[in-house]
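Visitor: One letter stands for each residue in the lines below.
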Amino acid sequence: MEIELSDSDLVIQIRMGNDRAAEAELFRRMAPRIRLYGLRHLRDECAAEDLVQQVLITTLEALRAGRLRESDKLASFVLGTCRMTVLDLRRNTQRRERLLEQFGADMLAPTQSPLPQLDQEQLALCVQKLKERERAVVVMSFYDEQTGADLARFLGVSEANVRVIRHRAIHQLRECMGVAA
Amino acid sequence: MSCVKPVDAAILADYWLAALDQSEEEAVEEHLFACDECGARLREVISLAEGIRNLARQGSLLMVVSEAFLTRVAEEGLRVREYSPRTGGSVACTVTAEDDLLIAHLAADLSGAKRVDLCFCDAGGSERLRLTDIPFDSRAGSVVFQQPITYAKAAPSETLIARLVTLDESGVERLLGEYTFNHTRTLPGPGAW
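Listed in order, the protein sequences are those of chains A and B. For the first sequence, my numbering assigns the number 7 to the initial residue and increments by one for each residue that follows. For the second sequence, my numbering assigns the number 36 to the initial residue and increments by one for each residue that follows.
The set of hints was computed from the structure by calculation and includes no laboratory data. Heads up, some of the hints might be wrong.
[As the list claims (entries may be wrong)] Selected chain A positions facing chain B (Cβ under 8 Å, derived; list incomplete): (1) L45; (2) R46; (3) L48; (4) F148; (5) A155; (6) E181; (7) C182.
[As the list claims (entries may be wrong)] Facing chain A, from chain B, some residues (calculated, C-beta under 10 Å): (8) L47; (9) D49; (10) F68; (11) R78; (12) A84; (13) G86; (14) R92; (15) E102; (16) V115; (17) S173; (18) S192; (19) L195; (20) I196.
Backbone N, C-alpha and C define an ideal beta-carbon position, used for all residues, glycine too.
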């Protein structure tokens with residue numbers, strides 16, 4: 007039986023040098039988390055993929071150089087690196103080219119972690135089953151990304167009520183689609 | 036390993052929509068960086084969000100929409116066919132293969148209304164479908180609704196009557212407006228359902 011290395015074990019093994027298996031495990035473990043962060047903040051799959059590569063390279067660089075002293079703080083370190091990199095991406099798009107030159111593109115295998123596929127016909131039925139206000143809130147939230155304040159004005163309710171309506175609708179949709187509410 | 040404190044899907048939806056305050060958002064992100072189970076749930080929520088965006092773009096939902104929604108679809112370059120019959124009047128309408136969304140503007144005095152229903156009737160005036168307690172802005176002076184474009188493209192020539200009614204606290208209905216849509220089919224297809 008294989009025993010999964012802890013984050014702390016990974017940090018120590020990479021610090022000790024030239025452990026390709028530990029580095030590969032770092033990529034496998036962290037890439038999907040970084041990608042989700044990227045999708046949330048950059049709203050673009052290609053940009054999220056770029057973020058994955060940059061953050062992994064920066065993390066690896068730091069681990070190899072022994073700059074992460076508290077080995078149990080790997081997840082926090084990667085999250086912090088994501089936050090800084092997103093800020094940096096917005097300021098300087100040339101950093102990626104420099105890092106790619108330094109590390110080479112060969113180790114940056116695609117890290118795609120595809121989103122689950124939904125049955126669109128079933129989803130249409132489920133959305134149509136919602137109450138009118140619930141349907142309006144989820145469609146305008148997700149399509150238009152209207153703020154709670156915009157939706158509150160449209161519905162003539164408070165922003166807190168918009169949130170309650172959206173939460174109820176999300177639970178109903180998940181239940182209707184056959185996933186745990 | 037199973038998550039001992041899973042983040043609710045609705046909170047993850049708020050996170051995806053940037054609707055959490057800063058401290059809540061940071062707490063969710065810290066959790067997501069240590070928990071793949073909740074990460075998988077966030078992926079499901081993102082899929083749901085993307086699916087709903089697609090449905091909105093396809094114009095396939097029967098629903099009341101806002102003016103902001105119409106502005107957004109116009110910005111996306113979608114082709115919107117709009118009709119604005121006067122209260123008590125009728126309008127000749129159709130839909131073409133190039134149209135993406137079908138929208139009707141129903142003018143009505145909504146001031147003082149607590150609840151408004153939108154009813155759909157056949158040519159004889161018999162109610163066939165009712166959207167209850169629709170969202171409306173009492174100051175807007177109109178309700179904007181989307182008819183599913185897929186239905187309209189397949190529909191034969193027919194008459195549809197839309198009625199806006201308000202209900203008081205005792206459930207008594209009052210007509211706010213009636214609007215007749217005389218749809219002529221311009222796409223090839225059967226002459227009747």
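Visitor: The structure should be examined with respect to each hint, and the outcome stated for every one.
Guide: Hints versus structure:
| no. | hint | verdict |
| --- | --- | --- |
| 1 | L45 | holds (7 Å) |
| 2 | R46 | holds (6 Å) |
| 3 | L48 | violated (12 Å) |
| 4 | F148 | holds (4 Å) |
| 5 | A155 | violated (11 Å) |
| 6 | E181 | violated (10 Å) |
| 7 | C182 | violated (11 Å) |
| 8 | L47 | holds (9 Å) |
| 9 | D49 | holds (7 Å) |
| 10 | F68 | holds (4 Å) |
| 11 | R78 | holds (5 Å) |
| 12 | A84 | holds (4 Å) |
| 13 | G86 | holds (5 Å) |
| 14 | R92 | holds (7 Å) |
| 15 | E102 | holds (9 Å) |
| 16 | V115 | violated (14 Å) |
| 17 | S173 | holds (7 Å) |
| 18 | S192 | violated (25 Å) |
| 19 | L195 | violated (18 Å) |
| 20 | I196 | violated (19 Å) |
Of the hints listed earlier, those the structure fails to meet are numbers 3, 5, 6, 7, 16, 18, 19, 20, in rising order.
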